[in-house]
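Engineer: So you can see what is in the structure, the chains are spelled out below.
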Amino acid sequence: MSTRGDLALEVLSGYCGSIVARSILQGASASCGVDIDWVTAEQLTRLVPAIESGVRTFASDPEAARECCHRLREVLDQAEDPLQAGGSHELRIDVVAEYDVVTARNHAKTLAAEVGFGASEQIKIATVVSELARNIFQYAGEGHIDIRGLEGEQAGVEIAAIDHGAGIRDIDAVLSGGYKSKTGMGIGLIGARRLMDAFEIDTKPGVGTTVTVRKYMR
Amino acid sequence: MAEAMHLPIIKLYDTLIVSIQVELSDRVVMQLKDDVGDRIQDMGPRGLIIDVSGVEIMDSYISRAIRDIGLMAKLMGVETVISGLDPNIAMTLVEMGMDLEGVETFLDLETAFESIHLRADTEDEALQNIDDRIRWSQ
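For the record, the sequence lines run as chains A and B.
All letters in the first sequence, in the order written, are residues 1 to 218 by this note's numbering.
All letters in the second sequence, in the order written, are residues 1001 to 1138 by this note's numbering.
Among the clues, some could well be false.
Output of the computed footprint for chain A on chain B, the stretches with three or more beta carbons under 8 Å from beta carbons of chain A [claimed, not checked]:
id, segment
1, 1019-1027
2, 1046-1060
So these bits of chain B aren't anywhere near chain A, every CB distance computed over 12 Å [as the list claims (entries may be wrong)]:
id, residue
3, THR1015
4, MET1091
5, THR1105
Since the hints were made in silico from the structure, they are not lab data.
From the three backbone atoms N, C-alpha and C, an ideal C-beta is built for every residue, glycine too.
Can you make the complete structure from the sequences, with help from the hints?
Structural biologist: Here you go:
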């Protein structure tokens, strides 16, 4: 399936050449702070006028510009909404080696940006993923992290860190800050809870641990 | 296990500067701790600046490791400061309830360097005064 970016590029290229078309799209996306392939319906209403003003600047005559804008709207409206189509804002990162902690937090930051979080929230989300991934690697040895975008009224992201390690014996003590491990797991989990809007932990000794957190957009 | 990457430690006059411009994995931070300790012992610098302006994400482990490097250098008698903390990282650390307690922080490398040298100058002056007084009393 062609993405919205591909479709828009095709239309624009027909009127003002592919290099100009590309820079119009990039400029419009940057000025709106969105990724054209992953825009929400609301972001699209801001993005389209931005692209159109770019087209008016570069197109050879006003008539061509009008026609181009018309085709652009048609094409973008008909394109399948990737958010509705589902599956796109979801990823799983296996945590089996130390460097996976770095990979996990980088992916988390990218996904948070795609979902529409601002810079400071992206850092918070990436930091939480880093904490959770490190806990998996350090205490369970291996596991995975699922990150997915949430839609609807409470849009945001959900992160689940899942392992089948030894579990945490006295989770209440850890979360109350009463327990200080040598390696500082307490600080990581408490910090993750403070940075997120929802925090849930399910742990059974000998079975494993699942930490699920959510951050909502405001 | 292969050896972790070494971050460059730059000597500028009597100050060591570590400018972190790469994605920090746990092992790289640990290696840095060792390297800084070695360099301090070799060179006996006046100050150490850890510049973190290139660091994008700092979780509890990394921030504590960096603070530990600072505390270790301080224990070795080297004035140590951290510079260039990104505002979003600073905010995240505060919200998590973490800080870099025990190590002074500066907005950027420039002010950090100036502060170390300002203090060094004051110390030199004080030493000079002591020298003068000793000479006077003799």
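Engineer: Please check whether the beta-carbon of B/THR1015 is more than 12 Å away from every beta-carbon in chain A.
Structural biologist: It holds; B/THR1015 is separated from chain A by about 29 Å at its closest Cβ, greater than 12 Å.
Engineer: Is the nearest CB of chain A more than 12 Å from the CB of B/MET1091?
Structural biologist: violated (6 Å)
Engineer: Do three or more residues of the segment 1046-1060 of chain B come closer than 8 Å to chain A, measuring C-beta to C-beta?
Structural biologist: With 5 residues close enough to chain A, the hint holds.
Engineer: Has the segment 1019-1027 of chain B got at least three residues whose CB is nearer than 8 Å to a CB belonging to chain A?
Structural biologist: holds (count 5)
Engineer: Is the claim that B/THR1105 lies outside the interface with chain A correct, judged by CB distances over 12 Å?
Structural biologist: The claim holds: B/THR1105 sits with its nearest Cβ about 17 Å from chain A, beyond 12 Å.
The structure fails hint 4 only (numbered hints given earlier).
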